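Novice: Construct the entire structure; sequences and hints are all you get.
Now for the letters of each chain:
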Amino acid sequence: MSKKIITLHVNGKDREVMIDERESLYETLRNELNLTSVKKGCEVGECGACSVLLNGRCVDSCIYLTMWAVGKDIVTVEGLRDEENDDITDVQKEFIKEAAVQCGFCTPGFILKAVEIVGHNKPYTRDEIKKLITGNLCRCTGYMNIVTAIEHAIKHNMDKLGVPYEVMPSTTSFDVPEDEKDKMLESLLAMQNNDVTKI
Amino acid sequence: MFDISFLYEAKDVKDAIKKLVENENSEIVSGGTDVLIRVREGKDAGMGLVSIHNISELKGVSIENDGTIVIGAGTSFHDITNDDIIKKYIPSLAEAVDTIGGPQIRETGTIGGNICNGATSADSASTMVALDACIVLEGPEGERIVDIKDFYTGPGKTVRDRCEVCKCFKIKKENYENYFGYYFKYGKRKSLEIATLGCSVLVKLNATKDAIDDVKIAYGVAAPTPSRAVSAEEYVRGKKLVDKNLLDTFADKALSDMKPRNSWRASKEFREQLIKEMAKRSLVNSIRRAGGKIEYYV
Chain A
1 MSKKIITLHV NGKDREVMID ERESLYETLR NELNLTSVKK GCEVGECGAC
51 SVLLNGRCVD SCIYLTMWAV GKDIVTVEGL RDEENDDITD VQKEFIKEAA
101 VQCGFCTPGF ILKAVEIVGH NKPYTRDEIK KLITGNLCRC TGYMNIVTAI
151 EHAIKHNMDK LGVPYEVMPS TTSFDVPEDE KDKMLESLLA MQNNDVTKI
Chain B
1 MFDISFLYEA KDVKDAIKKL VENENSEIVS GGTDVLIRVR EGKDAGMGLV
51 SIHNISELKG VSIENDGTIV IGAGTSFHDI TNDDIIKKYI PSLAEAVDTI
101 GGPQIRETGT IGGNICNGAT SADSASTMVA LDACIVLEGP EGERIVDIKD
151 FYTGPGKTVR DRCEVCKCFK IKKENYENYF GYYFKYGKRK SLEIATLGCS
201 VLVKLNATKD AIDDVKIAYG VAAPTPSRAV SAEEYVRGKK LVDKNLLDTF
251 ADKALSDMKP RNSWRASKEF REQLIKEMAK RSLVNSIRRA GGKIEYYV
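Listed in order, the protein sequences are those of chains A and B. Counting in our numbering, the first sequence runs from 1 upward without gaps. Counting in our numbering, the second sequence runs from 1 upward without gaps.
Derived DSSO-like pairs: lysine-lysine, alpha-carbon spacing no greater than 27 Å straight-line:
hint, chain 1, residue 1, chain 2, residue 2
1, B, K188, A, K130
2, A, K130, B, K190
3, B, K14, A, K72
4, A, K39, B, K43
5, B, K43, A, K3
6, B, K190, A, K39
7, A, K131, B, K190
8, A, K131, B, K87
9, B, K88, A, K130
10, B, K11, A, K4
11, A, K122, B, K87
12, A, K4, B, K19
13, B, K11, A, K72
14, A, K131, B, K88
15, B, K19, A, K3
16, A, K72, B, K59
17, B, K11, A, K3
18, B, K18, A, K3
19, B, K190, A, K122
20, B, K190, A, K40
21, B, K14, A, K4
22, A, K131, B, K188
23, A, K122, B, K88
24, B, K188, A, K40
25, B, K59, A, K131
26, B, K18, A, K4
27, B, K19, A, K72
Chain A residues, not near chain B, derived (Cβ > 12 Å throughout):
hint, residue
28, K13
29, T89
30, P123
31, A190
Simulated from the structure, these hints should not be mistaken for lab results. Please read all numbers here as calculations on a predicted model, not as lab measurements. Glycine included, C-beta positions come from ideal geometry on N, C-alpha and C.
Specialist: So, in structure tokens, the structure goes:
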């Protein structure tokens, strides 16, 4: 089997890589281009951890041959950037704010799917969002916060477009009263130091 | 890394056929959502793959002057669901292919692969059987057209030769015009699930919408191949909608046409129950979509 040199358009840049034509896209992205946000999960296209955006559409890169991606626009989480404000994107901010991340393994896949969903510019209902993310599995969060985060990200977009859009109120709250904050901090530190008496 | 002996990117259909003829131990890969998984499992390990993934002539949906709808075999499920022609004329096919796998699978998986795999559980198969689709195959000896009822020969087996490329599916106007359809998939999960049973119904009502002109009902997983329940179809033709025995007899007749079997997904008895219940619900939903009223069924 001969190796091949191909050019992939990844995250806005043309990257020349030497690949084996039997490789799947996630192997090339992880091993050749060090884009480790692309995860190796089930490898049979069920978990969605390896999702990447191909021409703006979410695809499982584990069952997608690298050769097929030549000439297509590939985006991974490393390439997401809010150029206007020189910041991370709204989707990423909402995932952090809504605590839609626990172990984090599924998160890159979910973020890319969410970017695709928000990019549709449609006011999806909660049930529609649930159906749209059925290709991504998360074993930690129970999905509640992920759906809320996507809903809030859509809300940002709808506000920009001037479309009214109702969202479920945030289920997480970082507005802890000042005196509570000190207690929480103390118990967190105690946990780190294994000091059982103060937890 | 997939265990394949080579990957050949075909430039067009003729090029793909040439390569398939040259290499005996090779097969076609289109979307890859089944073939690559079979390779990974070791079933098709060591085979050469002839890729028709990026051939644009195989993609897209069009409508001919006589009303025949042509669906390119390389059209992805997502593109079929969102295609304006399909949404307008055969919305039940759009619904059926929207139940396959998950959103990412539907982005790459193609209808040609779904049918040519020969699986009875293929979600597009029962609707395509109900629509009496014709399959256009091109091989070394030229093009031929096969009716979908003659296409399947057994579980995972079709009349398609290894060297033949499925180019497109043709659905004639008389097979979809004035028909209203419904696809019912029963699975344990809502997505990323292979159907325990699939049922597709197309109904044409008479002008006053109180009797059935024609019904086509096809099942997946109820027999070794996707198949029509012919005696059930014959029974309901011309029946009035107020006839209270209509649904129960229709369901019994449908069951007598099918040969479900035990598998680890479900038992034969459970599948028999599903065949009857899904026949009723799919028929009622199709009739309601066609504008008919069935008041005694909730």
